[in-house]
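Chemist: Going letter by letter, the sequence shown gives residues 1 to 168 in the UniProt record's numbering.
To be clear, the hints were calculated from the coordinates, so they are not data collected in a lab.
Since the model is a prediction, treat every value here as computed from it, not as a measurement.
Do not take every clue at face value.
Here are the simulated lysine-lysine pairs, DSS-like style, with alpha carbons at most 25 Å apart [claimed, not checked]:
no.	residue 1	residue 2
1	K134	K85
2	K85	K97
3	K97	K16
4	K85	K16
Derived DEER-like restraints, expressed as beta-carbon distance ranges [stated by the list, open to error]:
no.	residue 1	residue 2	range
5	I21	S150	30 to 38 Å
6	H12	L72	17 to 25 Å
7	D92	V2	38 to 46 Å
The beta-carbon is built from N, C-alpha and C at its ideal position, and this holds for glycine as well.
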Amino acid sequence: SVRLWSDYLNVHLHPKSIYVIRQYMHDGECGCLEAFGQGESLLQDSNCVEELEDRLHFYVEECDYLQGFQVLCDLHNGFSGVGAKVTELLYDEYSGKGILTWGLTPGTSNLGVSKQFQWLVVFFFFPPLQDAQKNLYRVMNTALGIVHLSQHSSLLCPLSLSGSLGLR
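All chains, please: the whole structure from these sequences, using the hints.
Modeler: And the structure:
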């Protein structure tokens, strides 16, 4: 009964460490979280921010000597907007603490396949973007993510398996 990547997760996470964005679940009402602004607007809701702050304070209170935070988020989709708002929240609440942000982008690898079969791998594992709008979203999300995340992070480190930050 495997449906999602998280079904393979063998580590049991504390219930306070999981925050589900219901409207953007696989069966959600809004579909995909595609744009930076969509992610950013999720944290405009005061109930959402309050819930995140409560979960954050739960862990911060357990720390004897809090040195900082690590934030991992995608850069190429709407989670760059979520990450930007989370780093802004951390920066405002804990201004003296370090914030190390990892901006993740997808890699476009040939997975060690010979040249004649690379198109199969690209087609089946990395489907082409259907239209120019999705490609534009990917570029804009990455650019906006880098700008906004770097404003509120002590260090932003973009990570990708390709040399182009996941951009073609």
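Chemist: Indicate, hint by hint, whether the structure satisfies it.
Modeler: Status of each hint after checking the structure:
no.	hint	result
1	K134 <-> K85	holds (22 Å)
2	K85 <-> K97	holds (17 Å)
3	K97 <-> K16	holds (22 Å)
4	K85 <-> K16	holds (19 Å)
5	I21 <-> S150: 30 to 38 Å	violated (24 Å)
6	H12 <-> L72: 17 to 25 Å	holds (19 Å)
7	D92 <-> V2: 38 to 46 Å	holds (39 Å)
Going through the hint list in order, the structure does not satisfy hint 5, though it satisfies all others.
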